[in-house]
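Enquirer: Chains as they are written, first to last, in the working numbering: chain A, 9 to 87; chain B, 9 to 87.
Treat each hint with caution, since some may be false.
Treat identical chains as interchangeable: a pair holds within one or across any two.
Stated by the list, open to error - Below, computed lysine to any residue pairings styled on SDA-like, alpha-carbon distance capped at 25 Å:
#1 K11 / A55
#2 K63 / H76
#3 K11 / E38
FYI, nobody ran anything at the bench for these hints, they're computed from the structure. Just so we're clear, the structure is a prediction, and the values are computed from it rather than from any experiment.
Number of protein chains: 2
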Amino acid sequence: MSKATALFFHAGCPVCVSAEQQFVQALDPERYSVDVVHLGQEKARIAEAERFGVKSVPALVVGGLPFHINFGAALADLK
Amino acid sequence: MSKATALFFHAGCPVCVSAEQQFVQALDPERYSVDVVHLGQEKARIAEAERFGVKSVPALVVGGLPFHINFGAALADLK
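Sequences are here, hints too, so could you generate the full structure?
Expert: What follows is the structure, encoded as structure tokens:
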């Protein structure tokens, strides 16, 4: 079975990245390969994110649909 | 291997539910069983959601961490 690609767009906040990678890694690896895209470093891919309807980061695109995830960071983790 | 429970809290918007179930079903079924909770119908579980740090719905709790998902509904889907 060929895998679908899930796209995870973010902008580099370290605390957010670690939290959301836990989320991304919960996806079924038999069905999805995940392409993690740092839009701050890969500005050429911003248009690609926009085509999927991504309005903000972090966002996950699964099955062509954008899911905006606003976990953010717990203040306690920033101390 | 025992499965972890992922909790999906929502409040019943049909369009949102269908979109987000696609997302929930992308989770690895080998590792997660998903408990879908309609907080509008199960108000007794609001406190449980709050204990995980859930501030808004829809939200997914994975590994004890809350992820707030604001996919919402495309206006086109509401027409």
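Enquirer: Just pull the numbers of the violated hints for me, sorted ascending.
Expert: Violated hints: none; all satisfied.
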